[in-house]
Amino acid sequence: MRESAPITPVPDLELAERSLAGDLDAYSQLVRRHQARVFQTIYAMVRDRDDADDLAQETFLKAYRSLAQFGGRSQFYTWIYRIAVNQSLDWMKARNRRRDAPLEQADQDPRGQVENTDTRVLQRELNELLEAALDQLAPEYRAAVVMREVDGRAYEEIALLLNCSIGTVKSRLFRARTQLRGLLADVYGEVVRPGSGCTTGQGL
Amino acid sequence: MNQFFDDPTSSIDSELCLPELLWDYLDGALDESILTGVGEHVTRCGRCADQLLQFEQVRSRLAEWDLPNPFPRFAERVIARLDSPAAAPVPTRPKPFGERAAEWLLEQLVPAALAGSAAAALFFLFMQAPVPDPVTLDGLLGRSVDQEVRPLVTSQEDDLSHDDIFALLLVTER
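Just so you know, the protein sequences line up as chains A and B, in that order.
Counting along the first sequence from 1, when you hit position 74 you're at 74 in our numbering, and nothing is skipped either side.
Counting along the second sequence from 1, when you hit position 70 you're at 274 in our numbering, and nothing is skipped either side.
No false leads were mixed into what you were given.
SDA-like cross-link-like pairs, simulated, lysine to any residue; straight-line CA separation at most 25 angstroms:
1) Lys-62(A) to Ala-284(B)
2) Lys-93(A) to Leu-160(A)
3) Lys-170(A) to Leu-222(B)
4) Lys-62(A) to Asn-273(B)
5) Lys-93(A) to Trp-269(B)
6) Lys-93(A) to Leu-271(B)
7) Lys-170(A) to Ser-264(B)
8) Lys-62(A) to Arg-281(B)
9) Lys-62(A) to Arg-277(B)
10) Lys-170(A) to Leu-257(B)
11) Lys-170(A) to Ala-253(B)
12) Lys-170(A) to Asp-231(B)
13) Lys-170(A) to Arg-251(B)
14) Lys-170(A) to Glu-268(B)
15) Lys-62(A) to Pro-139(A)
16) Lys-170(A) to Arg-263(B)
17) Lys-170(A) to Asp-254(B)
18) Lys-170(A) to Leu-230(B)
19) Lys-170(A) to Gln-261(B)
20) Lys-62(A) to Pro-276(B)
21) Lys-170(A) to Gly-232(B)
22) Lys-93(A) to Leu-266(B)
Derived from the structure by calculation, the hints contain no laboratory data.
Take the sequences, apply the hints, and build the full model.
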C-alpha cells in the first residue's frame, strides 16, 4: 500500500492573496481555519453567543473588505484578531452606555449538549461564575485579561494590539485580575486585600 | 542567596509583598535581579503564598474556560454575505501611469496656477493705482505750505509765493 504524501496546508498569505483576487473559496478556507479562535475570543469578551456570532461574522466581513490593507506584514490571524478585539471593545463600550439594558444571561448550555455528571455540572457552574465576574470588569480590563489569560498573548503584543503602552497593559491586567480574584472569592476562599502587608514583615 | 531576603523582617523583604510583583512573577515578567528574591519571599511569607495560590487559581480558571464553538455553518453564512458586490474588497492597487501622471500634474499645477493668478492680480492693481508725485523737498514743502500754512497766513492774499510765506513765518516765529 502506497503512503500518501502529507498534505501541506496552503499558507494564510496565499489564501489572502487569492481572496483579494476574488476567490471566495480561498476566503472560505481562511474563515474555517480561524473561525473557532476568533469566535471564542469574542465570546470571552461579550459573553453572549448570538452577539459573538454577529461580531465574528462582522469581523470576517470587515477583514475581507480590508484585505488590500493586510499586505502580509503580520500573520493573518494576528491581523484578524486585532479586528475582532476592536469590534468586541466597541460592542462592550456601547453596551455599557446602555445602562438600562439588562446584562445577558449566561447560556445554559453553550455547547448544546448536557452531560449530567457532577463534574460537568461543577464545570458549568464555575464557567457561569467566571463569566459573571468578567461581566463586572470594564471593557478595557476585560479585553486585556482575555487577551492575556485566555489567548495567552504577551504584554508587548497586547500593547500593540490595543495601541497603548506596556505599562498601561500591566496596569489594566493588575486591576482586572485583582477584581476577578475578589469576585471569585466564594470559589477560592478568603480574599486578601492587596497591599495588606505580609506575615514576614513583622509589625508592618 | 541574597542577604536581603535572609532576614524576614528586612524592609526589602516587606517591599516584596506586592500583588503586582506576584502577577509579574507568575507571568515570568520579572527581571533576573528580583525574580529569585520574590520566589524565596513567597516560600516564607504565608500571606503572599496564599495570594499567589489564588492568582494561580484565577489564571487556571481562565485558561481552562470551556468556551463554546461557533454555531454550525458559520463559514457558509459569512461567505453568503460576502457574495455581493457591496462586500467586495476595496482595491488599493497602484493606479495606471496615465491616471497617476494626471493626478501629479493637477497637484503640481493647481497651486502654481493659483499663486500665478494672485501675483498677476496684485501686479495689475499696483499698475492701476495713481502714481504719487516724486518726493522732493519742494514738493513736500509745497504740499505742507498749501495745505496748512497758506490758509493761516494768507487768507486774503492768494497769490503769495512759497518763499513769501516762509519769510512771513520766520518773522512770526521771531
